[in-house]
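Now that you have both chains on their own, put them together as the hints suggest.
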Amino acid sequence: MSASSNSGAFRIKGAGRLTPARTARFTFDGKSFTALEGDTVASALLAHGVHLLGRSFKYHRPRGILSAGPEEPNALIDVSRDAARRQPNVRATVQEVFDGAKIVSQNRWPSLKFDVGAINNLFSPFFAAGFYYKTFMWPREAWVKVYEPFIRRAAGLGVAPTEEDPDHYANRYAHCDVLIAGAGVAGLTAALSAAATGASVFLVDEQPEVGGALHYDAATMIDGQNGYDWAQASAAKLKAMPNVTVLTRTTVFGYYNHGFLGLVERVTDHVAKPDKSSPRERLWQVRAKKVVLATGSIERHMVFANNDRPGIMLASAARTFLNHHGVAVGRNVGVYTAHDSAYEAAFDLRRAGVSIAAIVDNRADPSEALLAEARALGISVLSGHSVTDTGGRLRISSMTVARNGGGNARRIAVDALIISAGWTPSVHLFSQSRGKLRFDDVNQRFLPDIYAQDCVSIGGCNGTDDLAELIDEAIAAGGGSVALSGENRFEWTGGMIGAAEGAGPDTTVKAFVDFQHDVTAKDIRLAVREGMHSIEHIKRFTTNGMASDQGKLSNMHGLAIAAEMLDRPIPKVGLTTFRAPYTPVTYGTLVGHSRGELFDPARKTPMHVLETAEGAEFEDVGNWKRAWYYPKRGEDMLAAVNRECRTVREVAGVFNGSTLGKIEVVGPDAAQFLNLLYTNAWDSLKPGKSRYGIMTREDGFVYDDGVVGRLAEDRFHVTTTTGGAPRVLHHMEDYLQTEFPHLRVWLTSTTEQWAVIAVQGPKAREIIQPFVEGVDLSNEAFPHMSVSECSVMGVPARLFRVSFTGELGFELNVPADYGPAVWKAIWERAESMGACLYGTETMHVLRAEKGYIIVGQDTDGTVTPDDAGLGWAVSSKKLDFVGIRGLKRPDLVRENRKQLVGLLTKDPALVLEEGGQIVADPNQAKPMTMLGHVTSAYWSENCGRSIALALVAGGRSRIGETLYVPLKDRTIEVEVTDMVFFDKQGGRIHG
Amino acid sequence: MVDSGANFGSDIAARTLPLAGFHGGSSAARLETAPPAERISLRARAEDVGALSGALGVALPVKPKTSSSANGRTALWLGPDEWLVIAEGNGGLMQAAKNSGVLHSAADVSHRNTAILVSGPGAAAAINAGCPQDLSLKAFPVGACSRTVFGKVEIVLLRTAEDAFRVEVWRSFSDYAFGLLCEGAQDASL
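These protein sequence lines are chains A and B, in that order.
Using my numbering, you'd call the opening residue of the first sequence number 22 and step up by one each time.
Using my numbering, you'd call the opening residue of the second sequence number 623 and step up by one each time.
Only chain B is shown next, with the shape it has when bound in the complex (with noise of 0.2 Å):
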């Protein structure tokens, strides 16, 4: 399903992303909500990793705790057969998975979740407020990615820079998650 919608004229229904309003962080840690992205949670079995990842344009990483990125789509090792795939703007990925003609199964999580941009020196320390996992560079290097704990809720985790994380979350968990963020990064400035 492409999430683009018909030309429907004034009717076309708006959009509502679940922390628009939201701001906040602190000198170290810079919080921003990501702009809409399609997602799709994508399952496949070993022998159709590399079909899949012909189809989407990016390689399906088989490597626990890392993504790879390429033609603006970014795909996420969560699983051995699992990987959140996350492309800017609408860019057809259950078209594209389709396409592979491999048995596979793709669901359109675009909505389900929303992300957070962490980003500036304390954005390591502001994460470990609430989320226990070692985010040094040798352990969490540039590119990792996790599904964790943030708290009280499951994010999941990726490193985009050495002092960049983006933070995806399910929606109705995002205020908190933001929350939090808020209050591990003024501590990260301390």
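The following block holds chain A by itself, in its conformation from the complex (with noise of 0.2 Å):
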């Protein structure tokens, strides 16, 4: 054997497909290596002769390479780039090397090979399946102090990166005929199919390069052509197609309803200098008419004790390691297997120099092809015989061998051990579109049978084992025709699912079933013992297959011990589900776009930069970025707020509300459609009016509230919430779609269009005046509650006279691109008159001093108009309106319901706690009887003292009545009153 000592002692020249001048440095656990571009993690360590890549899960066990692909359950590691992009948990069987990886080893401390968690090996008969389940059920104190925090220290795998992702994340939506997944023999050829008919198609493998099993396989012979080549000239063809797209790197994770299917395409992950405008990964979210499986088959590992020391690993890994990446697996490799494939393994390593110790073939006859094959390349064969045992510390030293049924045992000393024990079809992606699947007892295998969506399974997960049976069905997937002819050394037979000799239910020995999480045989046989007989039970309490492998390679075993021990029919003992993804998928994918300003969309109005400009502190809400207060230097916000509050009482204050919801009620109906959705009455307004109205629910609750106004008998501005507007809107599309078609009347939502602004106080009129043509506005003429149509500035308006202020007050709608140079123009006058700007802050404070409510604070979806004191806006005329029956139901007519009134504390410097519960007698025992709760609570600068809101019981009736608010270190003494503590007159608003 001559090996290149750069690339590693173990890189046989001439062997495998990656190129000796292209090499990658890398470093594992601090030390140096060198790789091929093109290799993986897993196969540049190989080189190096480095087998020990971790610690397992529970025993801190020493772990190698057990596969070399997507399945790997045991060679987690941890990537870095920089400080910044870190990945723990990455396959070393599937991550690439790139120049200047740093790679460390996981679940070890202080290093890989000397590792002091391992003392849980020695206490393994302690950490036995379900001990958590027994352990940790009490004393119940426990849980917080010792159990939970020793259980989040051990529990997990890897450490995640505490720095944010620098990297950032694509998403792409697509559309396609046919999503071929899978571009081995099988997909490759149904994508030529496909490709001819003129369907666009797309085919997806998780790869770095198309073909599959191509990758070892390499006696198979395609259109008279190697097959590995075969599959990358046909690859090369298919992307020069314009209606096909070949993604590679990128893994089908999920295949959801209606053809739609998730794919991430992994950009950068293996690019030493990634170009800064590249994704790191790449989320397709792809709906195709078809969806065609070809993702092939996944070899197991044998069931035997000790099987899973570094060096033990898959025939068809060692065969990938070898064919692809140049590396042999050992000096002197043992073979172990129920399968024919793994002799193909041995064969090619033995032709590449590699000592073949035996193998050992647990079937009495394997066939005489392979034997004859063994024999030619001077290949011991002991069939009917099986691994009892290995032996090695860090790294498989021998393996002990004897004949099954008994008889004497010897030891064979081996550097590695490759295993089989034939294949699973990978059945994931059928069984996540909730196809059905059925149990194939010749070959002990679960095969594709009843389809719940457009798809076809070819090839390998499909059961397909004949070459040219394959290639048949793949043609007759792609829907279309092409002439290919296909040729392999040898049929594979064999298999087998469960325990292996020596393994069995009488034996104590560790035969690990499932790698990552140390599930054994014996584990699972315990499920049973303890009570377990469904699968899904015996999974939960042995973690059998609830890794991030999804138990791969672990279920059918699992399954198959399972039902040894209940002595049932595999079909019987069932399946566990395969759910979405079918390989671990980072956050960041998942997120794509959506981080930072796209997180989520801040809705700023017309005016928010001049708000900026004028020092405005914002509060969120909903989307709306909406101006809190205006703090001037030095100001904290009580300070800003009260001054704003005074101003606008004592002056005028400009207020922005453009977010208030509006929609346009437009139709010949509108008035009657809008006296069905509001408890009050519309069809008494007159154009030029504008109304408060509430809505309810068809419970009678209080749904949204706002001010109608009329602009024409066939035209209304509607206002809501700020928060309301989106829902208000689809209850009544809702309302009018369902229950009142036969009406004429349109809605549409005009939020957006107008920018408002509020000009609220005694010199509001003033201020406005010069801005304002083709409207009088004298309290005569223009009264309380009117709306016109008229110009500001020469654009054309709407302007309200209203006032959620309790003072003169105008709204004025503009077109929202003119809202700024009014706004500007408006606060320029407004400002030389002494006036002020003020938020939402102030705005909630005035309101509340006048008792006006904010639906959602002080209401919360169990309030009746009459409950919040607006049983005034609640027609008695009306026949019907929604909410009109739920408003006569027994317990919404009830003596004592909760009703808002005012508080006033005693000590009037006191500002109570919104939420705080209000109680009438505060030395009962606990727990107390709650009376109600505080709604709002301000400190109000006009009154000179604190304010609040609350709703409580019969409150009306209590009004003059003292009641307690009890807190944790005090309880504050309040006196109920009216709603209403400024200008009880209300002479304020006709100014």
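Because the hints were derived from the structure by calculation, they are not lab data.
Because the structure is a prediction, the values reported are computed rather than measured.
C-beta: ideal position from N, C-alpha, C; glycine also.
It is possible that part of the hints are untrue.
Capping the alpha-carbon separation at 27 Å, the derived lysine-lysine pairs in BS3-like fashion look like this [stated by the list, open to error]:
(1) Lys457/A <-> Lys310/A
(2) Lys310/A <-> Lys760/B
(3) Lys687/B <-> Lys311/A
Which stretches of chain B does chain A cover? Using the computed rule of at least three CB atoms under 8 Å from a CB of chain A, they are [what the hints assert, rightly or not]:
(4) 634-648
(5) 657-666
(6) 726-732
(7) 756-770
(8) 773-782
(9) 795-807
Away from chain B, derived, C-beta distances all over 12 Å, residues of chain A [what the hints assert, rightly or not]:
(10) Val137
(11) Asp720
(12) Gly877
(13) Trp960
(14) Ser961
Okay, structure coming up:
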């Protein structure tokens, strides 16, 4: 054997498909290694004779590389590019080496070779399946202080990065006629066939190159050409076709309803210096008319004692490392198999100059063709034998072999052991598509049976073993016609599921079924003995198949062992359902573009920039950014709000009301429609007038409120709360379409059509006067609750005389693009007259001073108009409106309902806490009888004291009573009052 | 209501467009903000489509996902009784609809919406960063339109040419839409 010392002593010259001149440097646990471009971390380390990659999850046993693909349960590593770009739990068999990669092993301390946690292995009798369920039951308090911290520290594999992910991720929606998952012989053939019909085709494969099993199967010829070369040529041909998209390094991780699939494309994880504009990963969300599943099959390991030592790996993996990466997994390799495929791996290794210690075949009579080839290559075959144990500490050094049914055991020295228990069809995506499986008794495997979607499985995942048959099946699936012939060396037969000889029910050996979760054959048997009879229970009790590899290797073995214990046929024990994702998907991929400013739309009003320039602090109301208050230099929030509150009542204030929901209700039946949607009457409202309206739900509870202006007989301008705008429109549209479709009326959201500038205060009229044309603003001509279409600064506007402060007030609605200019002009004049800008906090205080409610703050979905003191807004004449029957329910008309009232603290300086509970007797025993709670509480600068609104049982009949708000450290005494704290006569509004 | 504004001399309000100052895009997908346009949301029953089409000077399409253009006006089908009519500049759409004399609802939404023009060979891919619709020419030919989603916001999408789209979006969602289109445009160029 000659080896390139540079890229590893186990690199075999002339073997594999990598280019010796193209190298990449990386470190593993701080030690530097040279790899070849195209190496995975696994193949690169194996090339240097490194088999020990990590410690196992529970017992901290030394672990190596089991597979050469995404099914890998063992070789999980931490990969980093720099301090911020670090990813734990990466499968070493998938991660391609890039120059500068920093690889670190996991789940070990202080070092991989000496790990303190390995003591768990000695205590393993205590960590049997179900250990946690049984041990951490009591005492109850121990959960918080002992058990949970302990479990949290022990739980989880790898360490999550703490820095913000500097990479970005992309998302792409796509559609196609045919999506083909898997680009092995079957997938490629189907793609060629489908592409020939002119259909739009997506061909997707998780590996860096197409080829699938041809990566290791070097003997197969397609159309007289080496199979792997044929695959690359076919992919090139497909890529050149305009109707075909070929995606490699892309995993179909989810198959959802109606041909919807989730794909993750790994764009830069293999690149040494990624282009900054490239996303790290791209999520493809594809809607396919038809799906062809060509996902192949996954080789299973043999379940026998100490089958988890580094150096033990699947035969097909060893063959991949040899035939693709040019790496020998050892110099003296043992083979343990129940299936023909391992023979070909042994033959390839032998031909590459590797010694084969023996092929141990647990079947009595392997095929004569294989035996003849073995003889020709000088390999001894021990048929009817089993490997009953292995030796070695950090790597396998020997296998113990015995004839089945008893007989002398002997140890054979090996430095690697390749194993095969046969092949499990990859039916994960089929199962995700809700397809039903059937059990193929002869070959001991589950195969697709009943399809739930327009989908077809071909090749290995369909149990089609014969190459010629597979090609025919693939051509048919593609729907076109191509001529192809295929030829392979040996027909493969054999396979077993469950524990092998020496790991049966009468043993206590550690024969691993699930490597990632350290589940042994013994654990599964224990689960059955403890009374778990369903595979769903056994799975959860043992956690078999519940690791991030989702039991790609372990499920069938676990099932067979359980079936054997239960003495029931496998289909009767059942198979757990495969769930998306097929392999782990990063959060970054799922988040995609939705981060930073694109996490959620921040809705800004047209005047946002001007508000910012005036020093506004903003608060979030739904997605809106609303100016909260405008602190001047040296002012805190309270000082700013106090000043704003005072100024509005003394002079005037300018307020941005643009976020208020607006709905244009148009049509000859508009008034009739509003009559049905609001509790009050609208047909009596004259054009040019507006009215405050309450909307209830069918159950009679307050849903929204707002001022509605009638612009014409057939046109209303409805306003809603800021947060309520979308749902009120949906609510209205819902009723219009389902209950009142006979009405000739239409609804249009105009929230964003208008910028709304509210000017409130004694000088409001004087401020806006010069800007308004076409309306007489005098009290007589334009009294409170008037509305008019007019012109403001030369642009068409809607002017409301309306007030949410109790002061003389106007709301100017101008087309949104004109908002900034009008705002600027009005503010300039207002400021010169001593007015202020005010934000939502001042608006809240001013309205509370007047006892105006805020739906959603003073109401909570269980409050009727009458509870809120708005019984006057419910028409007693109307025969129908949404909520009319609800309002008659006994509970809604009973005595002693919670009613909205005012509260004044006995100590005027104390401001109550919103949400504070109210009781009649603070000295009663706990739990106290709650009478209600505080809904709004503020310091009112205008009243010179604190004010509050509260929902209190029988509140209006308690006016004058003293109640209490008990807090943790004190009890606050309050007096129940009416809801109006300022200008009780209400004269100012008509100023 | 006509959006021309009376002549108010120097006091006339100036217009500030929601996406003023935004720029972006890539070699594959250019992004531009559309000039101001007049828009109405038009609602009417089937029997009045003819009269409204005549009055507006553009045939209101009755087939889903289609639009029609004439006389500087484009009518987009949004629903069985709903159209978005867009006119370049100030087209007097409200008055024109009124002149039809038939039952309808027209609401001026000129300022509610703004538009982003996406063009180039990667235009469809850029939009597909956030829009789940099939934008192949077969499924979404020139003139096709749809009220649809783009990331977390609603848009009205109109294909104006094989490699050009108009994205109509509510003004407060426009910077989000523009930002997502920038990322989509960048990804489409790779």
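Contradicted hints - numbers only: none
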